[in-house]
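Participant: Here are the chains, one letter per residue:
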Amino acid sequence: MVVAGIDVGSKMAKVVIMDADRNILSYVMARTGTDHRETSETVLGEALEKAGLKRDDLEKIVATGFGKISVPFADDEVTQVIAAGRGAYFVRPSARTVIEVGAEESRAISLDENGNVRDFALADKCAAGAGSFVDAMIRYLEVTPEEFGQLALQATRAIPMNAQCVVFAESEVVSLLHSNVPKAEISRAIHDAIADRVIAIARRLDIRDDVLLIGGLANDIGFIESMKRELGKEVYVPEDYPPELIPAIGAALSAVQGVR
Amino acid sequence: MGVRVRPFECWDDFKRYRMEYYRNYLEAKENGSIRWAGSAWAFDPVPAGLGEDVYPLTGEPYGATAAFFRDFSMRALETIERKGAARDLCGYMRNYWGSVAMDRYLLADGAEIEPFPKPDFNFTIHICCTHAKWYHYAAELEGGVPTYAVDISVGPGYLLNDKKIEYVVRQLEDAIQWMEKVTGREYDDELLIRAVENEARSMTLWSKICKLNQNTPAPMEEKSMFSFYVMTLLRRSDEKVVKLYEKLYKEVESRVKRGIGALTQEQFRFVTDNPPPWPFLKVYRYLEENYGAVSVGSIYTFGLGAAWLGMDEKGENWIWEPAPTPEEAGYEIHDRRSALWWTAMFNLKYRASWQHEYSHWIRKQETYQMVKDWKADAIIMHLNRGCELWNMSTLEVRDYLVRNGISVATYEGNMADPREFDEARTFNVIDSFMQSLGIEKLT
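Line order of the protein sequences matches chains E and Y. Take the first sequence: its letters are residues 2 to 261, numbered as in this note's numbering. Take the second sequence: its letters are residues 556 to 998, numbered as in this note's numbering.
Okay, chain E solo, but in the shape it has when bound (with noise of 0.2 Å):
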């Protein structure tokens, strides 16, 4: 038997072929763009392709993600919660506490000993704890996203970002940035500033170790240092896979055990 999970994300569409025994055969990453039908149909083809299948090959697909509605050959659908949360005790059974920060969402979750979802917080309706944030801020900045989380470590003291929007965070950079604040200590500021909102979110569970970090804002080394900070404790992120992936594979788990 072989499945698919995916994930349709507002930023990146991720696929994982997934067999009986839990084998991650194959997976692919591609940015979703705007036809998110075309861009799911595009990003299973070259998965089933890296693992030498073809599509009557699978039995079952699911789905997640904001666009999971647009998969239209989906069998079924997870919510991101319960695919991250599944897909988190996958790459960490000793995740307890998992931390997703996507490009416009972030979440917390908290897992029991068995990899179920025990409870879950959500970020509603503001992007100031999301990735699209960090995209604007490193425009802003003139930087790699590598180079930004980069220099957040280089940053010699804390600079408080006290805007709660997005907007006028903003603001707030373009000001110090006028000021000569080294670029540095803005990028800590941001980071800080992140991890800020993302843990007032995962505070309203019950914060238990290990808190693994998952999505795209976990690539960032800054990011993960500022967590460390401000949740003073540590952090870990997937070590196999890239971190954005796991909620796809969340769904291939779901699709393996035929259940939701």
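It should be emphasised that the hints constitute simulated quantities derived from the structure, not laboratory data. A couple of the hints might just be wrong.
[Unchecked claim] Label pairs and their calculated CB-CB ranges:
hint, chain 1, residue 1, chain 2, residue 2, range
1, Y, LYS805, E, ASP207, 44 to 50 Å
2, E, SER95, Y, ASP567, 56 to 62 Å
3, E, ALA31, Y, ARG974, 43 to 49 Å
4, E, ILE70, Y, ILE874, 45 to 51 Å
5, E, ALA31, Y, GLU871, 37 to 43 Å
6, E, VAL182, Y, LEU950, 30 to 36 Å
7, Y, ASP658, E, ILE160, 38 to 44 Å
Every residue, glycine too, gets a C-beta built ideally from N, C-alpha and C.
Start from chain E and add chain Y according to the hints.
Facilitator: Using the frame of chain E, we list chain Y on its own:
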């Protein structure tokens, strides 16, 4: 085999009363009658002593009705915001103010009437940062309407004493003199006494009806309960409201005996806390149709409309048992003072929605006990941006419930501002919550 369901026989009676209520207020002046406006939490029996032709317009239900009719609500909200009202103020209040500012009055069926019928006076209570200010500003918008607000900052009920009750009673005595002055009418204590007795009967009957929903299958789902409970907020001191609740009680009791439920398939029971997002009551239908999930009650509908024993004498445990009427308590109401004393005590002590505004600990206890007593599998909490009063302890309560092993979901919204509700996200929260609990969608 599914549960038997059937429509409520008294449904039309409730609907008719609600239609007449708004129309009576509208047409009152044609017959020389009196109109008053105020919070649904106000001491409703007190103006009743001015005569049998005194018609109230309570602000919160009016704001909720306005919110339900989204097009009207949007116009009302934008009108009042253009006059400077901030968006984080009470959603009901902004709809009410907007309606006054537009000079358009809304009937229960969504029909709009021009102009907005100005009250002879405003009579309200002051329990939060909003209630008194609501009618002070409404009075300004209306071109100067006499306004009286009663301060009730003497709770919670289990710590009540005669001195605290007296503080409220004296304000009510003053209010009666003030009403006589602003209306030119002589006050009738006999009408007051009847109204006070009716208030207790209405609220206690609603408590007993709510208790019946502890049965499985639940005889009522909350969307229907919204249409029933509101009578206690429109005019609970009205004899007709008592009759409606007597009829409803008998019908619900009969449904329980005959095994008639709210849903054909009840596979999940939950309670809620805050006022619902009135423009998006489809949230309840979504839960029912997709998951066989029935909302068996809420702190809002139980707490506002009913009278309960509440916290025990030690202030440790909440008791969801109906409060006594004067007759059951052996209390004789024979004159103005004894009537005012009873209504002050009754509301201060037994009105659940007042208790948890005095103490977050009480809110935790009443919510926890509601989940237990109504045999709910979970609570779904509305992080309601439209009411600071109701929302101020929501996340503390959530934390307490989770620590005590109760499953909780939260969603963000606004009880009366359609611009602050994201339907897709809310359904996503519901799906995530249900899936995390292993509840399958109905096929």
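Participant: For each hint, tell me whether it holds in the structure or not.
Facilitator: Here is what the structure says about each hint:
Range check, LYS805 of chain Y to ASP207 of chain E: Cβ separation about 46 Å, and the 44 to 50 Å hint holds. Checked against the given bound of 56 to 62 Å, the beta carbons of SER95 of chain E and ASP567 of chain Y, roughly 60 Å apart, stay inside it. Distance hint check for ALA31 of chain E and ARG974 of chain Y: the Cβ-Cβ separation is about 35 Å, which falls outside the suggested range of 43 to 49 Å. For the pair ILE70 of chain E and ILE874 of chain Y, the supplied restraint of 45 to 51 Å holds, since their beta-carbon distance comes to about 46 Å.
A beta carbon spacing of about 59 Å between ALA31 of chain E and GLU871 of chain Y contradicts the range 37 to 43 Å that was offered as a hint. VAL182 of chain E and LEU950 of chain Y have their C-beta atoms about 35 Å apart, which keeps the hinted 30 to 36 Å range intact. Look at ASP658 of chain Y against ILE160 of chain E: about 51 Å separates their beta carbons, and that is not inside 38 to 44 Å.
Of the numbered hints listed earlier, those contradicted by the structure are 3, 5 and 7.
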